[in-house]
Amino acid sequence: MTRGVWLLLFAMGLACTPVSEDAATWGGGVSRIVDGTPAPEDVATVALLARRTRCIEPSPLLLCSGVLIAPDVVLTAAHCLDLFGPEGAHEVFLGRELMPRPSEEGRFVRVARAVIHPRYEPKTHAYDVALLRLASPVDVIAAQLPSGDVVPMTGELVRAVGHGDTKDADEPAGQRRQGAMRVTDVEPASFRAGPAPGMSCVGDSGGPVFARDDTERDVLVGITVSGDVACREEAVNVRVDALVVDFIEPFLAQPAPAQGTTLTPEALCLEECENDAQCPSGLTCVVTEGTGGRCLLPALREGDFGASCTEDAACGTGGLCARLESEGTDACRCFTPCVPPPPDPEPESPREPSGGGCSTTSGLAIFWVLLLAGVKRRR
367 MTRGVWLLLF AMGLACTPVS EDAATWGGGV SRIVDGTPAP EDVATVALLA RRTRCIEPSP
427 LLLCSGVLIA PDVVLTAAHC LDLFGPEGAH EVFLGRELMP RPSEEGRFVR VARAVIHPRY
487 EPKTHAYDVA LLRLASPVDV IAAQLPSGDV VPMTGELVRA VGHGDTKDAD EPAGQRRQGA
547 MRVTDVEPAS FRAGPAPGMS CVGDSGGPVF ARDDTERDVL VGITVSGDVA CREEAVNVRV
607 DALVVDFIEP FLAQPAPAQG TTLTPEALCL EECENDAQCP SGLTCVVTEG TGGRCLLPAL
667 REGDFGASCT EDAACGTGGL CARLESEGTD ACRCFTPCVP PPPDPEPESP REPSGGGCST
727 TSGLAIFWVL LLAGVKRRR
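Numbering-wise, this note's numbering comes out as the position in the sequence shown, counting from 1, plus 366.
Calculated directly from the structure, the hints in this document are not laboratory data. Predicted, not measured: the structure shown is a model, and the values here were computed from it. Where a beta carbon is used, it is the ideal one built from N, C-alpha and C, also for glycine.
Ranges of calculated distance between the beta carbons of each label pair, as one might list FRET restraints: (1) GLY521 / GLY626: 48 to 56 angstroms; (2) THR654 / ALA679: 25 to 33 angstroms; (3) THR627 / GLY682: 21 to 29 angstroms; (4) ALA680 / THR630: 16 to 24 angstroms.
Make a model of the complete structure from these sequences and hints.
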């Protein structure tokens, strides 16, 4: 994603949960798994969201679900990264409830790296999976990967978990829930399931699907990737056992990225960067024509991160309280742009109607047309 698109998106202050073109047709509200129940024990199931950049945002931008398969690795759906790209700024939330406000036991962790399966096919959802390396490990028991004979079987009951929709407008969004489904068809790298009576829905993409082994232990057999528009008849899931040897195990064997930060948040306007590894807190090194690289959040201009803050008023004229890290006592810092933004333009005098057959389109409308043009039929 280009820097210009990032700036446009965050400047609009989007805080709603993104839904697909098809999901919007069944209307009314955002909730969670259809005919499901709370899942307080599924602590390895996470919510994937856009990295928060302001410290006073009304609500996070929930993208999808995911599941921890190691203390610092999350497995999710590849199409969950479509909006910002695999190089985009993401974070995950671990907790029972993300919205309307994060539960007290929950925590946010920044995503340091994302890798999409090389055989991913967006149109068919084949190998629609991605791996996320977290900036720091978490003290959570990861989901059990499949081995041996634990594979999805036709007629078997499985359990889907996620932070997605239930189509119940009376329920708040972003809560971790579970629902039972029955496997209806099994293919070499995927399987389909129907309601029993639960069903995964929009926002559950990337979430885990569990089956029980002979010892009644939950084993991760699938990742939710798609389904019918109404979330009533069928869920499509990628088989995890088809990913272990060629995709998951090689990634888990790689060492965590080195913390090579050499630049300081307080002097980013004076210090040039050559690569992302030099930038603090996962900032991106952006090189503009005719100048050196600058470390920045794609949603903000070039600038310095100074003293800790809790609100914009503490940061003086032209400053704002920005989120440098996902959480912590110094996560929110006063951000001051290197170059002050230009003053607002003088309003133009009203013009007479032209009498032509076409009317102008607002910038917001153009943005949504461009965004929806790339939206696919997904969970």
